[in-house]
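4 protein chains.
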Amino acid sequence: MKKLEPAGDPGSLRFGAYHVIFESEPGWGRIFDAVLIAAILTSVLAVLLESVPEIRLRHASALVACEWFFTALFSIEYVARLACLRNPGAYVRSFFGVVDLLSVLPAYLSLVLPGGQFLTVVRILRVVRVFRVFKLARYTSEANVLLSALYASRFKISVFLVAIVSIVVVVGSLMYLVEGPEHGFTSIPSGIYWAIVTLTTVGFGDITPQTALGRTLASAVMIMGYGIIAVPTGIITAEIAASSRASSGGAQACADCGAVDGEPDARFCRRCGAPLARKEGAS
Amino acid sequence: MKKLEPAGDPGSLRFGAYHVIFESEPGWGRIFDAVLIAAILTSVLAVLLESVPEIRLRHASALVACEWFFTALFSIEYVARLACLRNPGAYVRSFFGVVDLLSVLPAYLSLVLPGGQFLTVVRILRVVRVFRVFKLARYTSEANVLLSALYASRFKISVFLVAIVSIVVVVGSLMYLVEGPEHGFTSIPSGIYWAIVTLTTVGFGDITPQTALGRTLASAVMIMGYGIIAVPTGIITAEIAASSRASSGGAQACADCGAVDGEPDARFCRRCGAPLARKEGAS
Amino acid sequence: MKKLEPAGDPGSLRFGAYHVIFESEPGWGRIFDAVLIAAILTSVLAVLLESVPEIRLRHASALVACEWFFTALFSIEYVARLACLRNPGAYVRSFFGVVDLLSVLPAYLSLVLPGGQFLTVVRILRVVRVFRVFKLARYTSEANVLLSALYASRFKISVFLVAIVSIVVVVGSLMYLVEGPEHGFTSIPSGIYWAIVTLTTVGFGDITPQTALGRTLASAVMIMGYGIIAVPTGIITAEIAASSRASSGGAQACADCGAVDGEPDARFCRRCGAPLARKEGAS
Amino acid sequence: MKKLEPAGDPGSLRFGAYHVIFESEPGWGRIFDAVLIAAILTSVLAVLLESVPEIRLRHASALVACEWFFTALFSIEYVARLACLRNPGAYVRSFFGVVDLLSVLPAYLSLVLPGGQFLTVVRILRVVRVFRVFKLARYTSEANVLLSALYASRFKISVFLVAIVSIVVVVGSLMYLVEGPEHGFTSIPSGIYWAIVTLTTVGFGDITPQTALGRTLASAVMIMGYGIIAVPTGIITAEIAASSRASSGGAQACADCGAVDGEPDARFCRRCGAPLARKEGAS
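Chains as they are written, first to last, in the numbering used here: chain C, 1 to 283; chain E, 1 to 283; chain F, 1 to 283; chain V, 1 to 283.
Hints are computed from structural coordinates only; laboratory data are not their basis.
Since we're looking at a predicted model, the values are computed, not measured.
Think of the CB as a built atom: it goes at the ideal place given N, C-alpha and C, for glycine as much as any other residue.
One or more of the hints may lead you astray.
Ranges of calculated distance between the beta carbons of each label pair, as one might list FRET restraints [to be verified]:
{"no.": "1", "chain 1": "V", "residue 1": "154", "chain 2": "E", "residue 2": "27", "range": "46 to 54 angstroms"}
{"no.": "2", "chain 1": "V", "residue 1": "45", "chain 2": "C", "residue 2": "98", "range": "25 to 33 angstroms"}
{"no.": "3", "chain 1": "E", "residue 1": "151", "chain 2": "F", "residue 2": "88", "range": "53 to 61 angstroms"}
{"no.": "4", "chain 1": "E", "residue 1": "65", "chain 2": "V", "residue 2": "210", "range": "28 to 36 angstroms"}
{"no.": "5", "chain 1": "E", "residue 1": "5", "chain 2": "C", "residue 2": "3", "range": "33 to 41 angstroms"}
{"no.": "6", "chain 1": "C", "residue 1": "72", "chain 2": "E", "residue 2": "87", "range": "54 to 62 angstroms"}
{"no.": "7", "chain 1": "V", "residue 1": "154", "chain 2": "C", "residue 2": "165", "range": "21 to 29 angstroms"}
{"no.": "8", "chain 1": "C", "residue 1": "165", "chain 2": "F", "residue 2": "105", "range": "45 to 53 angstroms"}
{"no.": "9", "chain 1": "C", "residue 1": "23", "chain 2": "E", "residue 2": "105", "range": "48 to 56 angstroms"}
Based on the provided sequences and hints, a complete structural model is requested.
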């Protein structure tokens with residue numbers, strides 16, 4: 001993603017507005033963030049309430065007014081974001097640029113188009129904007145630990161997911177064969193749905209095995225699921241432990257080659273062999 | 001919280017009572033604790049039984065007598081706590097002071113006010129008083145390991161919770177759109193409720209998807225929930241492992257600057273560089 | 001538990017029988033174990049099948065014959081165990097001695113007493129005898145890792161359990177207040193039962209909240225349960241990792257003072273400072 | 001498993017075909033893999049759709065055509081695999097050889113035999129062929145970490161499984177005794193089925209305790225299950241962490257004896273004592 005740059009010179013109004021809107025500095029920046037998040041949460045709450053039939057009937061006009069109020073507010077915010085950037089195009093094409101636009105479009109579209117329910121869900125996407133709060137440094141580093149743990153585990157997780165999908169396809173087919181349509185297993189896909197519900201230990205109970213053979217097979221699947229749930233947990237835990245260690249005080253960068261060593265007791269760079277500064281005088 | 005201090009001089013009755021009531025020393029202190037916990041558990045059990053219609057009808061008078069017996073007992077205990085403190089005000093305003101007062105108030109209030117059910121729940125709060133048992137040193141240190149692990153993870157957990165809330169809001173809206181009111185998804189909030197029930201693998205089964213598209217989406221959510229449950233586990237496990245290691249024999253304090261090093265094989269203080277005593281003679 | 005000792009001199013029949021029955025040596029000892037486990041599992045299976053009404057009606061005489069066959073077999077085994085021990089009293093009072101006696105008693109008691117169902121459950125206890133297989137050295141050490149991890153975590157788990165019990169009591173009372181008897185929450189104990197079903201993510205769905213407030217509270221409990229499940233996992237994982245490391249090849253005992261060091265890279269005894277043999281010549 | 005070897009000389013058509021079909025090299029090898037996986041997934045999807053009654057009735061001829069198309073394709077592939085191997089017999093007897101044969105047999109058998117549903121499930125086994133994708137080196141090493149973690153935990157998991165089975169047998173019998181047939185616990189096996197559903201936190205809700213004693217026992221089982229789920233997670237997590245560490249950059253092979261040391265800070269070979277190259281100049 002191209003870096004967003006402020007328009008105007010330092011000291012100008014647009015430059016100042018950039019820092020208030022896009023950064024999260026103490027003072028007006030923090031206040032702007034707080035107001036924005038409050039507005040987002042209130043507008044999402046309004047959408048939620050509007051979907052409840054009783055509330056929609058009784059408070060129709062208030063909800064319409066509320067929706068137009070927030071649409072106006074977010075429209076102004078969107079224009080302000082465009083105005084204080086040197087490269088507004090980069091913002092428009094960025095992930096948050098698209099989300100910000102989708103926050104205001106539904107109200108305008110509802111003037112021309114009928115399909116209310118679909119537009120409602122688009123408006124719900126506003127909730128994603130709350131993630132802006134994570135530009136705060138403290139959260140960014142924590143989010144990075146989580147994301148890098150997930151990223152480092154992506155191959156292990158892929159292997160695991162393919163195994164899970166194969167298991168639920170085979171188990172679902174077997175249950176369809178064993179239980180049959182008369183016990184709710186109307187097709188192989190519904191058997192697969194049951195296998196996923198069971199293996200993930202969700203267990204809705206809308207489809208359940210009734211025959212002795214089906215229950216025995218189900219028991220095996222449940223105990224297997226109980227053991228299998230340990231695998232992703234183990235993968236993620238091992239990675240989080242590793243990346244926590246790396247991002248804590250223990251990690252140290254080599255002054256010569258810049259390689260970062262996550263082992264807190266490393267005394268020499270693992271890449272170039274130069275002594276690491278911190279414990280240089282120790283031996 | 002201001003420290004509670006005993007009233008009276010060492011050797012006086014009030015000073016002795018302070019140690020019996022507030023400390024957990026062998027002898028009378030332990031006996032007092034055991035009696036108190038037995039009384040708390042019995043009174044909570046009485047409240048539980050009183051809420052069962054059949055028992056309330058049959059044993060009404062016994063339950064009322066029981067309630068007044070424990071109210072009298074806890075009132076005496078509350079007055080005794082006040083009496084043996086130099087600064088009773090600090091106790092009254094402390095967390096346990098409020099809980100202790102709430103333990104006896106409902107019975108007195110029931111003489112004036114009608115609303116029985118609400119007062120019942122207030123009386124249930126007595127169960128919180130059981131946590132006094134954790135003043136025992138062994139438990140305090142273990143509870144601290146757990147609490148410090150949770151505290152150290154608070155930013156990671158916040159990031160995780162915001163992500164979960166966003167996911168359930170978006171998934172709940174989609175399911176409302178896909179399944180609609182005729183399959184139990186009467187509004188977006190009920191869709192969100194379903195998403196939480198499913199993602200946490202609780203799976204009540206009071207609302208379940210019936211359409212092929214809804215079941216496919218539900219399957220994706222369940223497999224996602226299966227993977228996501230690994231994240232908080234990974235966060236907490238990594239922290240517990242770290243704080244266990246730090247509080248176990250492996251940790252060593254530097255004699256020069258007092259910094260504690262959790263790495264069991266550290267040979268030099270990570271803060272001031274002085275050799276650590278334990279393995280000083282080893283190299 | 002007093003150690004069991006073989007009766008008779010080495011070379012005698014009883015001495016040989018002791019090794020076959022009580023030890024798990026290659027040859028007759030292994031064969032005896034395999035036959036015993038097969039007999040236990042078959043007899044348990046017979047008890048299970050007997051409880052199914054259709055099977056009990058159709059195969060009544062076969063099941064009775066089966067039960068008496070295994071009772072005779074286990075009686076002979078019990079007498080043989082008594083006969084080849086120098087101290088049979090220690091065996092009779094040991095855990096497995098009691099379980100072995102309980103395996104044969106129900107059949108004899110059923111000749112005098114009527115209460116069939118209760119005796120059936122006593123016969124089910126035979127399944128515990130399968131744990132004898134764990135006298136094999138490989139399994140004993142693994143079971144010890146698990147048990148020592150659980151034992152080392154006992155204080156943390158106690159703290160955790162008291163916290164869970166307090167939470168479910170308070171949540172169960174609140175749900176009773178919010179939902180009331182008309183939605184299945186007929187008393188505080190049933191509210192607590194619902195809270196346990198929900199917090200542990202079991203989610204039967206026999207009692208579910210119907211009101212908006214109840215569902216909101218339930219959502220909070222479910223997300224909390226999702227996070228809380230991480231705590232015991234973290235406790236046990238940290239302990240298993242620690243005790244695995246200690247019992248793996250990395251651990252080394254000091255030749256001077258006998259202290260065992262779980263850190264695989266320890267080069268000096270952590271208690272007495274003497275160099276450890278394995279890497280002595282390395283520095 | 002005997003190693004598969006290409007037929008023909010380097011440069012010949014059969015030698016080239018071997019590399020395209022059995023290896024996963026960039027170029028034609030990758031394209032072949034992608035086409036094969038697409039064909040497998042499409043044919044599995046066709047089998048799934050065929051099991052849905054509405055789709056089977058409406059698109060009968062298209063599904064038959066589709067099935068014969070993929071049967072032809074996989075038959076050609078099977079013959080091609082045989083043709084380009086020096087030792088086709090080893091392939092025929094290998095796991096994937098059997099699976100490949102089972103992918104094409106059902107269509108030919110359906111010409112002679114009636115039993116449609118059973119053959120359907122055999123065709124579903126095609127999904128297992130997707131695992132061929134894991135011949136890619138990156139996935140193989142990750143899959144090996146998972147498999148070696150599971151393999152290293154096999155004794156611990158056996159102990160755990162025997163304990164679980166004993167617990168569910170005893171708990172299931174008790175619930176049968178307490179609740180009885182009138183609340184759905186029609187036999188001990190159905191009690192055991194309920195115990196597995198509950199202990200694994202699946203919780204279908206098709207059988208639920210109704211009596212106070214049954215619910216109390218169920219609560220104990222659920223809290224126990226909540227704690228027990230931590231055990232396999234702990235086992236697997238500890239192993240994955242250990243084998244990740246061993247397979248990550250921290251591991252180093254001794255230049256003298258070839259032993260691999262997973263401890264990243266090892267400075268001397270743990271087997272022969274020779275200094276390890278990486279940090280040789282460091283001390």
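A quick look at each hint next to the structure:
Take residue 154(V) and residue 27(E): their Cβ atoms lie about 51 angstroms apart, and the range 46 to 54 angstroms holds. Here the CB-CB span from residue 45(V) to residue 98(C) is close to 32 angstroms, well matched to the stated 25 to 33 angstroms. Restraint check, residue 151(E) to residue 88(F): a C-beta distance of roughly 57 angstroms satisfies the suggested window 53 to 61 angstroms. For residue 65(E) paired with residue 210(V), a C-beta distance near 31 angstroms keeps the hint of 28 to 36 angstroms intact.
For residue 5(E) and residue 3(C), the Cβ-Cβ distance of about 60 angstroms falls outside the hinted range of 33 to 41 angstroms, so the restraint is violated. Against the hinted window of 54 to 62 angstroms, the Cβ-Cβ separation of residue 72(C) and residue 87(E) comes to about 56 angstroms, which satisfies the hint. A hinted range of 21 to 29 angstroms holds for the C-beta pair residue 154(V) and residue 165(C), which are about 24 angstroms apart. Taking the beta carbon of each, residue 165(C) and residue 105(F) are about 51 angstroms apart, inside 45 to 53 angstroms as hinted.
As the Cβ distance of residue 23(C) to residue 105(E) is approximately 51 angstroms, the hint placing it in 48 to 56 angstroms holds.
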